[in-house]
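*Asks:* Each chain is listed here by its residues.
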Amino acid sequence: MEWNFRNVDDEGELNLKHFFWRCTACGTCRSGYTYGPPPTFRKICPQGEKFGYEGFFASKGKAALARWMTSDPVLKNEFEWTPEYLKTLYTCIGCAGCQNQCLIDFKPHIIDTIEAMRAKAVNDGVGPLKEHHILITSMKNNDNPYTGPRSVRAKWMKGLEGIKDINSESAPVLYFAGCTPAYNAPVKNLALKTVSVFNKIGIDYGSLGKKELCCGSTVLRLGARDEFKRIAEKNLETFKYLHDERGVDTIVSSCAGCYRSLLEDYSLSEGYKDYMDGIKVIHTADFLYDLYKKGEFEPKNEIKMKVTYHDPCHLGRHVKEWIIDWDGKEQWKGSYMGVEDHGTFESPRELIKAIPGIQFEEMRRNQNNSYCCGSGGGVKTAFPDWAAENAALRVEEAEQTGAEKIITCCPFCHANLNDGAKVRNSTLRTIDLVELLDEAL
Amino acid sequence: MVSDPKILKELQGIVGEEHATSDTHVMYAYSYDMSFVKNRLPGYVAMPKTVEEVQQIMKMANRTKTPVIPYTAGSNIGGLCIPEKDGSIVMDMKRMNKIIRIDEESRFAVVEPGVSHAELAEELYKRGLRFGWPVGPPSASVLSCAICHGIGGITGRYGLNSEQITSMEVVLPTGELTRVGSCAIQKDAWHSLLPLPLVGGLFTGWLGTTGVVTKLGIFTPAVPPHVEIVTTATDDLQDMYKYMLEFSRYEAADDLTAVSWWLSQVPIPYPYKEKPKDAPEWNSYAVLYAYTEKELEAKVEMFERTVKNQQKNGSSLQVTQYPEEAKRARTELPSQIVGSTKNYSKQAGGGISWPGTFTPANKWVPVWEKWREIYKKRNLSPSVRVTMYRGTHYGMLRAMTPINKQYPDQVENARMAIVEALKVLLDEGGIPYKPPVDFAKEIYSRADPGYVDLIKKVKDFLDPNEIMNPGKLWIR
Numbered sequence: 012m013e014w015n016f017r018n019v020d021d022e023g024e025l026n027l028k029h030f031f032w033r034c035t036a037c038g039t040c041r042s043g044y045t046y047g048p049p050p051t052f053r054k055i056c057p058q059g060e061k062f063g064y065e066g067f068f069a070s071k072g073k074a075a076l077a078r079w080m081t082s083d084p085v086l087k088n089e090f091e092w093t094p095e096y097l098k099t100l101y102t103c104i105g106c107a108g109c110q111n112q113c114l115i116d117f118k119p120h121i122i123d124t125i126e127a128m129r130a131k132a133v134n135d136g137v138g139p140l141k142e143h144h145i146l147i148t149s150m151k152n153n154d155n156p157y158t159g160p161r162s163v164r165a166k167w168m169k170g171l172e173g174i175k176d177i178n179s180e181s182a183p184v185l186y187f188a189g190c191t192p193a194y195n196a197p198v199k200n201l202a203l204k205t206v207s208v209f210n211k212i213g214i215d216y217g218s219l220g221k222k223e224l225c226c227g228s229t230v231l232r233l234g235a236r237d238e239f240k241r242i243a244e245k246n247l248e249t250f251k252y253l254h255d256e257r258g259v260d261t262i263v264s265s266c267a268g269c270y271r272s273l274l275e276d277y278s279l280s281e282g283y284k285d286y287m288d289g290i291k292v293i294h295t296a297d298f299l300y301d302l303y304k305k306g307e308f309e310p311k312n313e314i315k316m317k318v319t320y321h322d323p324c325h326l327g328r329h330v331k332e333w334i335i336d337w338d339g340k341e342q343w344k345g346s347y348m349g350v351e352d353h354g355t356f357e358s359p360r361e362l363i364k365a366i367p368g369i370q371f372e373e374m375r376r377n378q379n380n381s382y383c384c385g386s387g388g389g390v391k392t393a394f395p396d397w398a399a400e401n402a403a404l405r406v407e408e409a410e411q412t413g414a415e416k417i418i419t420c421c422p423f424c425h426a427n428l429n430d431g432a433k434v435r436n437s438t439l440r441t442i443d444l445v446e447l448l449d450e451a452l
Numbered sequence: 047m048v049s050d051p052k053i054l055k056e057l058q059g060i061v062g063e064e065h066a067t068s069d070t071h072v073m074y075a076y077s078y079d080m081s082f083v084k085n086r087l088p089g090y091v092a093m094p095k096t097v098e099e100v101q102q103i104m105k106m107a108n109r110t111k112t113p114v115i116p117y118t119a120g121s122n123i124g125g126l127c128i129p130e131k132d133g134s135i136v137m138d139m140k141r142m143n144k145i146i147r148i149d150e151e152s153r154f155a156v157v158e159p160g161v162s163h164a165e166l167a168e169e170l171y172k173r174g175l176r177f178g179w180p181v182g183p184p185s186a187s188v189l190s191c192a193i194c195h196g197i198g199g200i201t202g203r204y205g206l207n208s209e210q211i212t213s214m215e216v217v218l219p220t221g222e223l224t225r226v227g228s229c230a231i232q233k234d235a236w237h238s239l240l241p242l243p244l245v246g247g248l249f250t251g252w253l254g255t256t257g258v259v260t261k262l263g264i265f266t267p268a269v270p271p272h273v274e275i276v277t278t279a280t281d282d283l284q285d286m287y288k289y290m291l292e293f294s295r296y297e298a299a300d301d302l303t304a305v306s307w308w309l310s311q312v313p314i315p316y317p318y319k320e321k322p323k324d325a326p327e328w329n330s331y332a333v334l335y336a337y338t339e340k341e342l343e344a345k346v347e348m349f350e351r352t353v354k355n356q357q358k359n360g361s362s363l364q365v366t367q368y369p370e371e372a373k374r375a376r377t378e379l380p381s382q383i384v385g386s387t388k389n390y391s392k393q394a395g396g397g398i399s400w401p402g403t404f405t406p407a408n409k410w411v412p413v414w415e416k417w418r419e420i421y422k423k424r425n426l427s428p429s430v431r432v433t434m435y436r437g438t439h440y441g442m443l444r445a446m447t448p449i450n451k452q453y454p455d456q457v458e459n460a461r462m463a464i465v466e467a468l469k470v471l472l473d474e475g476g477i478p479y480k481p482p483v484d485f486a487k488e489i490y491s492r493a494d495p496g497y498v499d500l501i502k503k504v505k506d507f508l509d510p511n512e513i514m515n516p517g518k519l520w521i522r
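Chains as they are written, first to last, in this note's numbering: chain C, 12 to 452; chain B, 47 to 522.
Chain C with its partners taken away, still in its complex shape (with noise of 0.2 Å):
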């Protein structure tokens, strides 16, 4: 299967120079900032926040390291890898909180960017960091990033009565959980509270139990390609095949990282079109808040309890689709506008809201100006204390909400902000947005 990624050496109109040459280094991508009025600043980039130099900062400083990897036209340098360049690639968690920000034409491909200098990295031999390869090695022999075997893929759903076997019975909605859940023990309550969550409903849904694989996010995320291509070739034969032969025309993933690839990464195959034809991908936030906007459920227990909400980049962000308004009828012309229905911002805000006796509080930073929690871009691998320390920053300005629970909608998030909350001797635990609906149903 061909698969268009975009690389920064490339010709033609694949080439990423042609964009990170347009950044102009005028540093709008370090803060989260809206004009309002009011005006207010925010601290959007957890690598430059952490590293302080301009090569470490936001967008400014991904388009200088492209650059100097493909050697300045002024200095005309002689690009080598260094272990500290490699480390400096690496840290980005490449959260696009930079992308939200800039206003120029780099815009749209900053996180292509950061990707295809890893992807680079892996291809000349000296990426991804040591720290990642047990985890490209992992997915290689066991279809996970988790280093646990295929074996104990579906031990969570075990006994759990609902769920269809999609491999032998048909289905309209195939639940994806992902691995997280699946081999990572604290966050194995989201997929079963999803199970539950789904049965209340009266979903008629399936899984791939030990067939499932892997979405492949992680591993491209350091830029290892051909082992991302290889899971994801598996895994659209797989969905046409459920779609053609047991009726599955959604996939519902309750992990951000699965549901931006499946949506995302997936669609740069050529194939795409013809293997998801039929099919939509969507994450259970906006599958459940589908649901209740139609009426097919309420929330009626009552739960006392002040929550705040913490915006996954993937689900957020990542996702956000960028038109440019060429005549300057909507906004002025040639800037980008962020595509409506693009970005699941409002839907688990909204099924929050709906529970009674819930009080929601938002942080300081939210939405597209949401302070991502350190764990995405192989930075939990690699950083885990980073990460930790980074999560804390965040469950100490959720703290000054007031709020008793963060509620999330992402796996990586969920631990990573616990983990976080360690760090800071916090009481305030993270939890998923299925698993607070599921006690108000």
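You may find that some hints are simply not true.
Not close to chain B: a few residues of chain C, all C-beta gaps over 10 Å, as computed [as the list claims (entries may be wrong)]:
| id | residue |
| --- | --- |
| 1 | Arg17 |
| 2 | Gly66 |
| 3 | Asp135 |
| 4 | Lys141 |
| 5 | Gly173 |
| 6 | Asn178 |
| 7 | Lys240 |
| 8 | Trp333 |
| 9 | Glu400 |
| 10 | Glu410 |
| 11 | Leu452 |
Residues from chain C shown here face chain B by an in silico Cβ test under 8 Å; the list is partial [what the hints assert, rightly or not]:
| id | residue |
| --- | --- |
| 12 | Thr51 |
| 13 | Leu86 |
| 14 | Glu95 |
| 15 | Gly170 |
Straight line, CA to CA, 35 Å or less: simulated DSBU-like cross-link-like pairs of lysine-lysine [to be verified]:
| id | chain 1 | residue 1 | chain 2 | residue 2 |
| --- | --- | --- | --- | --- |
| 16 | B | Lys84 | C | Lys87 |
| 17 | C | Lys61 | B | Lys480 |
| 18 | B | Lys233 | C | Lys61 |
| 19 | B | Lys144 | C | Lys98 |
| 20 | B | Lys172 | C | Lys98 |
| 21 | B | Lys172 | C | Lys317 |
| 22 | C | Lys61 | B | Lys409 |
| 23 | B | Lys55 | C | Lys141 |
Derived from the structure by calculation, the hints contain no laboratory data.
Every residue, glycine too, gets a C-beta built ideally from N, C-alpha and C.
Please arrange chain B on chain C, whose structure you already have, making use of the hints.
*Replies:* Okay, now just chain B, sitting in the frame of chain C:
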């Protein structure tokens, strides 16, 4: 790249190992900005957190004769933070980022170098205060903008941002700490540079060559509750100048600006594009703030009277309607729209430069006519802005020039246009601000010898080992 491991070790000893480096790829991000100025890699970057650390770096740099370039956001359009010498230390001040004080009652603030416009804007807005937010990115430094004679949205009423400075704390090139203004006499008094000798002038407009300003007091006036933006267009700059001259007599506008057709395009055409015959060559806006509705009505009446008078005298002046979004960009600074550089770079790529100048307003027309030809000849858009400063005797005249930095020949073409334009301007009495070395060369070649001698003496007195941003003034 030139760097000495011993100097790096000393820097790391001062600021901590994680805050000083000579890693080449890190140096690269400090080797360029958006201007035409050629890249040069620094030897080191150090990020001090305290005034004491700044002092120690300066003392070490003096001992080892190592150049030091103060750096905040690197968003100036003059290559001011790009080293002129190999083996330089870029002193990145971002970690010194505290808003030390906002005195709501007396309307002034004290900030460290790393405080951005975005950060201060949020805090001032909460208190009903404002500053001269420039047409720059929100990430730019308040302190750097002020000490480099930046302008902002209140320049028509209050003057340049450097004129809002109320006090300073400075680390001298030799490492001693000094204060200027009221805070020099009473450490908590940050209200005024006057009536003491204006020694703050030793650190404003010197392009980071005479010291490191570590704290700055600035006047932060109130935000008036009423605002109106009035806009006009003319067939040529002569008519526009006459209108601006007459209207500025009333001192009614916080910002009185006109832009050529090319600058009013979004984005600026690159390469040059002919203006449609029926389009006015100049457009203007005036931002009228008022504390009462009556005051605002009076200001609008002054505007209408000016327009009527100009039209009676045969001017091509017309009142126009500005898009709401463009109006917002004029009152809600620092703005993502005008400050993001998007407009300036979208059709070129990665670069903007300018001949940015303070020029007698009555010289705008002759300079413009020559600039238009120079730019057209080089296939560049004459995207020019003129702004009345407080009073009418002089104002800003500049040509935003997009550059495609990916291609050195295009950068050189723009550089040549800009330098040629600058020579024309200097002949008419204009003076460039935040000048790159190419400009400094032209300025000092024409300067009165006594002035050049004085500048050299002051510089040598403050910086005997020539370590502060050496080469940036061209004469030193």
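*Asks:* Taking the hints in turn, state whether each one holds.
*Replies:* To see whether the hints hold, each was checked on the structure:
1. The beta carbon of arginine 17 of chain C sits about 17 Å from the closest Cβ of chain B, which is more than 10 Å, so the claim that it is off the interface holds.
2. The beta carbon of glycine 66 of chain C is not kept farther than 10 Å from every beta carbon of chain B, the shortest such distance being approximately 4 Å.
3. Non-interface call for aspartate 135 of chain C relative to chain B: holds, since the shortest CB-CB distance, roughly 15 Å, exceeds 10 Å.
4. Chain B leaves lysine 141 of chain C outside its interface by the beta-carbon criterion, the shortest separation being 19 Å against a cut-off of 10 Å.
5. With a least beta-carbon separation of about 49 Å from chain B, glycine 173 of chain C lies farther than 10 Å from that chain, consistent with its non-interface assignment.
6. The claim that asparagine 178 of chain C lies off the interface holds: its Cβ sits roughly 49 Å from the closest Cβ of chain B, which is beyond the 10 Å cut-off.
7. For lysine 240 of chain C, the condition that its CB be more than 10 Å from all CB atoms of chain B holds, with the nearest at approximately 29 Å.
8. Consistency note on tryptophan 333 of chain C: stated as away from chain B, and its beta-carbon is indeed over 10 Å from all of that chain's, at 13 Å minimum.
9. Residue placement check: glutamate 400 of chain C keeps its beta carbon more than 10 Å from all beta carbons of chain B (closest about 13 Å).
10. Residue placement check: glutamate 410 of chain C keeps its beta carbon more than 10 Å from all beta carbons of chain B (closest about 21 Å).
11. With a least beta-carbon separation of about 41 Å from chain B, leucine 452 of chain C lies farther than 10 Å from that chain, consistent with its non-interface assignment.
12. Given hint, threonine 51 of chain C at the interface with chain B, holds; its Cβ is 5 Å from that chain's nearest Cβ, closer than 8 Å.
13. The closest approach between the C-beta of leucine 86 of chain C and any C-beta of chain B is roughly 5 Å, which is under the 8 Å cut-off, so the hint is satisfied.
14. Interface restraint check: glutamate 95 of chain C against chain B, minimum CB-CB distance 4 Å, threshold 8 Å, status holds.
15. The interface hint given for glycine 170 of chain C is violated, since its Cβ lies 50 Å from the closest Cβ of chain B, which is over the 8 Å cut-off.
16. Simply put, lysine 84 of chain B and lysine 87 of chain C have alpha-carbon atoms about 12 Å apart, close enough for the 35 Å limit, and the pair holds.
17. For the given pair, lysine 61 of chain C sits about 31 Å from lysine 480 of chain B by alpha-carbon distance, which is consistent with the 35 Å threshold.
18. Among the hinted pairs, lysine 233 of chain B with lysine 61 of chain C is consistent with the structure: their alpha-carbon atoms are about 33 Å apart, no more than 35 Å.
19. The straight-line distance between the Cα atoms of lysine 144 of chain B and lysine 98 of chain C is roughly 29 Å, inside the 35 Å bound, and the hint therefore holds.
20. Taking the CA atoms of lysine 172 of chain B and lysine 98 of chain C, the gap is near 40 Å; set against the 35 Å cutoff, the hint is violated.
21. Our distance criterion of 35 Å between C-alpha atoms is met by lysine 172 of chain B and lysine 317 of chain C, whose separation comes to about 27 Å.
22. Taken as a hint, the lysine 61 of chain C and lysine 409 of chain B pair is broken in the structure, with Cα atoms around 50 Å apart against an allowance of 35 Å.
23. Taking the CA atoms of lysine 55 of chain B and lysine 141 of chain C, the gap is near 28 Å; set against the 35 Å cutoff, the hint holds.
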